[in-house]
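Novice: Generate the whole structure from the sequences, applying the supplied hints.
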Amino acid sequence: MPMPSSSSVVVIGGGPAGLMAAEAAADAGCPVHLYDAMGSVGRKFLLAGKGGLNLTHSESFAPFVARFGARSDAVAAWLREFDAPALREWARGLGVETFVGTSGRVFPVDLKAAPLLRAWVRRLRERGVTFHVNHRWEGWNADGTVRLQPREGAAVAVAADALVLALGGASWPVLGSDGRWFPLLADRGIPLAPLKPANCGFEVPWSEHFRSRHAGDPVKPVTLRWVGLQGPQTRQGEMVISEYGVEGSLIYAASAAIRDQIDAQGPTAVTLDLAPAKTASRIAQDLAKPRGKRSLSEHLRRHAGIDGVKAGLLYEVLDRAAMNDPATLAKAIKALPLTLHRPRPVAEAISTAGGVALEGLDADLMLRDMPGVFCAGEMLDWEAPTGGYLLTASFASGRIAGRAAARWARRPE
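Residue 192 in full-length UniProt numbering sits at position 192 of the sequence shown; the count goes up by one each step and never skips.
Careful, some of the hints might be misleading.
[As the list claims (entries may be wrong)] Only pairs whose alpha carbons sit at most 27 Å apart, straight line, appear in this in silico DSSO-like list of lysine-lysine:
| # | residue 1 | residue 2 |
| --- | --- | --- |
| 1 | Lys334 | Lys278 |
| 2 | Lys278 | Lys220 |
| 3 | Lys331 | Lys278 |
| 4 | Lys334 | Lys293 |
| 5 | Lys331 | Lys289 |
| 6 | Lys278 | Lys289 |
| 7 | Lys334 | Lys289 |
| 8 | Lys293 | Lys331 |
| 9 | Lys50 | Lys112 |
| 10 | Lys278 | Lys293 |
| 11 | Lys50 | Lys278 |
| 12 | Lys331 | Lys220 |
Everything labelled a hint here was simulated from the structure, so no lab data went into it.
Specialist: As structure tokens, then:
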């Protein structure tokens with residue numbers, strides 16, 4: 001296979017950050033060789049687009065960067081170089097037009113990830129990027145060369161003037177983001193934060209009766225409330241009952257705060273408002289009306305708009321006496337208590353928190369302790385909610401790392 005040449009950049013990882021790093025370095029005039037452990041690049045990107053590729057979000061800059069929480073200042077610096085409008089224009093350059101959905105999320109017109117990825121890979125090849133698939137990164141050899149293990153045959157030693165690591169987090173390991181890079185960097189003394197699930201579900205020990213009837217059912221609309229490390233928290237949206245507990249967009253949006261709460265204090269109590277548009281007093285008044293021969297379930301449906309999975313949640317949590325007391329039942333409809341015991345494993349999460357500490361990187365995303373080695377994407381210690389934020393910042397970080405790697409590779413000796 002062709003090996004890197006003089007003033008070359010090697011990129012490890014073929015996700016959005018790695019591909020963007022390769023593009024940026026190639027555009028700067030460097031030969032680029034990209035290696036990926038899988039048989040093709042962009043596996044997780046394609047999965048993200050399975051239900052409609054949410055490429056970015058149309059929010060203005062300030063609220064957009066605020067979505068990155070404690071890392072908003074650092075991510076803002078990346079996004080000033082390549083923000084959501086720039087990403088949409090970049091997609092247009094690949095022949096992919098985008099539109100803003102009703103929620104403000106931005107999608108390709110055809111909603112698909114595959115056409116964009118195919119056009120992107122084709123353009124990268126035209127710009128001189130050489131792809132090497134089925135090559136797993138295994139760190140460095142004693143002489144400083146990069147060690148790569150092909151799926152078959154002996155390990156390959158690769159020399160490069162600059163190295164970009166864009167290895168993803170540890171979610172969806174079957175697609176290549178398996179976190180196996182973590183101990184390789186830890187052994188080099190690189191500052192790391194433990195990998196944790198982000199945009200994840202939480203475990204609730206449902207009864208078999210409830211689980212068998214309602215796993216997979218959406219709960220909407222619903223308001224989630226809890227007292228977190230930063231005080232009282234409230235979010236409204238939609239969630240889904242799962243075999244193990246709860247998941248869905250509302251839960252994912254709150255997952256970072258609830259995960260940190262559980263890490264600090266153990267299982268976390270939350271409440272669900274099953275009827276956000278009604279007051280407790282109005283519900284109690286309506287439920288106090290005579291039932292006649294109607295069942296309690298029918299009474300709930302008629303006078304509180306509660307049926308299906310919402311009624312199932314009430315039966316799951318309340319005893320018979322509480323279910324038959326209008327005041328108690330109304331109170332529970334407005335604040336149904338649940339305990340979230342733990343987040344699901346990182347391998348099941350949509351994304352990953354933790355990774356390479358940003359404090360160990362300079363403004364060009366180069367490791368302070370390993371000059372010439374740059375990091376980008378989800379392997380860095382930041383996180384974002386779903387909605388296109390994660391992808392946008394991954395693209396932006398890859399662009400910064402790739403440009404800087406090219407400058408490093410071509411610096412005067």
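Novice: Hints first: check each against the structure and report whether it holds.
Specialist: Right, here's what the structure says about each hint:
| no. | hint | verdict |
| --- | --- | --- |
| 1 | Lys334 x Lys278 | holds, 8 Å |
| 2 | Lys278 x Lys220 | holds, 14 Å |
| 3 | Lys331 x Lys278 | holds, 11 Å |
| 4 | Lys334 x Lys293 | holds, 26 Å |
| 5 | Lys331 x Lys289 | holds, 16 Å |
| 6 | Lys278 x Lys289 | holds, 16 Å |
| 7 | Lys334 x Lys289 | holds, 18 Å |
| 8 | Lys293 x Lys331 | holds, 24 Å |
| 9 | Lys50 x Lys112 | holds, 7 Å |
| 10 | Lys278 x Lys293 | holds, 25 Å |
| 11 | Lys50 x Lys278 | violated, 36 Å |
| 12 | Lys331 x Lys220 | holds, 18 Å |
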